[in-house]
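All chains, please: the whole structure from these sequences, using the hints.
Per the working numbering, the very first residue in the sequence shown carries number 1; after that it's consecutive.
These are computed hints drawn from the structure, not numbers from a lab.
Check the hints yourself; a few may be wrong.
[Stated by the list, open to error] Derived DSS-like pairs (lysine-lysine); straight-line CA-CA distance at most 25 angstroms:
id, residue 1, residue 2
1, LYS44, LYS9
2, LYS21, LYS97
3, LYS9, LYS102
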Amino acid sequence: MSALEGLLKWYGNLDETTLGKIDDYYDSQAFFKDPFNEVKGSDKIALIFNDMFENMQNPRFEFADIIERDNQAFVTWNFIFSFKGKKQVIHGSSHFKFNNQKVVYHRDYWDVGEELLLKIPLIGKMYGAFRRKVGST
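Laid out in structure tokens, this is it:
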């Protein structure tokens, strides 16, 4: 099994219990960045996931497209969860780099405006108006 296959299998079963196996998949000095976080270290990455489990109900990842070459991969995904009883889906992608079968670099890309801000009642209306004003369509 490749490092990516193992990682995606782990993500497919990720919960509070399996999170304890993060060091099987991430280097202790791995770098992680998403629209809200930038950390170094598998322990810090685990804290981000702990926060996810504390604030969201039934979070899970579904993977779509996978491009793997040499020691890196690009994966598109849907992050599905419930928040305050309402089902949410965030569409995004991840860029992974591996060394010695472990993640050393993980960068998530997703549109905060479309996937999050537009879904917040008051902020969503303001952001939507802003998008219409500066957009070309």
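Each hint, compared with the structure:
{"no.": "1", "hint": "LYS44 with LYS9", "in the structure": "holds, 21 angstroms"}
{"no.": "2", "hint": "LYS21 with LYS97", "in the structure": "holds, 19 angstroms"}
{"no.": "3", "hint": "LYS9 with LYS102", "in the structure": "holds, 14 angstroms"}
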